[in-house]
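Turn these sequences into a full structure, and let the hints steer you where they fit.
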Amino acid sequence: MSERKVALVTGSGQRLGAAMIKALQLDGFNVVVHYRTAKAQAEALCHQLNQLRAHSAIALQADLNDQPQLLELAARSIEAFGRLDVLVNSASSFYPTAIGTVTEADWHDLMGSNAKAPLFLSQALAVELAKNNGCIINMVDIHAEKPLQLHPVYCMAKAALAMLTKSLAKELAPSIRVNGIAPGAILWPEPSTNNPNSLSDHDKAAVLAQIPLARLGDTDDITQTLLFLIHAPYVNGQIIAVDGGRSLGAASKA
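Counting in numbering that gives the first Met the number 0, the sequence shown runs from 0 upward without gaps.
Bear in mind the hints are in silico, worked out from the structure with no lab data behind them.
Hints may be right or wrong, so weigh each one.
[As the list claims (entries may be wrong)] Derived pair list, reagent style PhoX-like, types lysine-lysine, alpha-carbon separation capped at 25 Å:
(1) K169 <-> K4
(2) K165 <-> K115
(3) K115 <-> K169
(4) K130 <-> K165
(5) K38 <-> K115
(6) K130 <-> K145
(7) K169 <-> K130
(8) K203 <-> K145
(9) K115 <-> K130
(10) K165 <-> K145
(11) K38 <-> K21
(12) K203 <-> K4
(13) K115 <-> K145
Right, dumping it as structure tokens:
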């Protein structure tokens with residue numbers, strides 16, 4: 000059994016998830032890098048981390064919308080280092096679903112990755128986390144409260160995750176703390192199968208105009224909040240917006 004604490008971050012082969020993994024490993028954790036399709040990126044990340052500290056990172060694949068794979072991920076994450084102390088539910092599908100175009104497949108994917116998987120993974124790992132007075136951090140979204148145009152299903156899913164965060168904070172206390180982070184504009188979305196178009200410069204400028212701090216955030220803004228929540232033993236059931244004030248509305252120029 001590892002004497003070091005262990006963290007599992009879902010969807011952590013690249014982008015924000017990878018940044019959280021790096022911050023956790025630097026903070027002394029052994030880390031489980033979960034990926035669905037980004038195998039090369041996840042394995043490269045683990046290689047990099049294991050060069051810094053041997054046997055500190057492992058990559059595990061699972062489709063979190065497949066219940067048997069989800070449960071296997073939970074079991075293998077505990078087996079990897081013999082314990083688990085932190086679960087970060089970060090994996091998330093994100094793409095527009097304009098009314099009139101929504102399919103049942105969209106519903107299952109967006110609700111599954113953003114709400115169903117965090118529930119069942121938290122449930123599967125609750126006994127292990129309770130042994131270690133661990134914690135769960137859910138990556139929510141500022142649009143869980145204020146909807147993003149053309150994204151009704153995604154926003155519904157994140158609203159469900161916000162309520163799950165608060166519900167689990169009561170259900171799993173006092174052995175496990177549960178909190179959330181609601182990022183604003185941290186990294187621009189990358190083109191994907193469901194959303195092949197990149198944001199235009201005009202679109203990016205429109206987003207920045209909504210942010211009182213008038214700039215894009217940085218992955219460090221999220222990782223610092225993550226570490227704060229992990230090491231704050233009396234913070235429970237909170238969702239911290241890390242958005243430069245965007246959720247407050249644009250700053251008045253009058």
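Hint check:
no., hint, result
1, K169 <-> K4, "holds, 24 Å"
2, K165 <-> K115, "holds, 15 Å"
3, K115 <-> K169, "holds, 18 Å"
4, K130 <-> K165, "holds, 21 Å"
5, K38 <-> K115, "holds, 23 Å"
6, K130 <-> K145, "violated, 37 Å"
7, K169 <-> K130, "holds, 17 Å"
8, K203 <-> K145, "holds, 19 Å"
9, K115 <-> K130, "holds, 24 Å"
10, K165 <-> K145, "holds, 18 Å"
11, K38 <-> K21, "holds, 17 Å"
12, K203 <-> K4, "violated, 39 Å"
13, K115 <-> K145, "holds, 21 Å"
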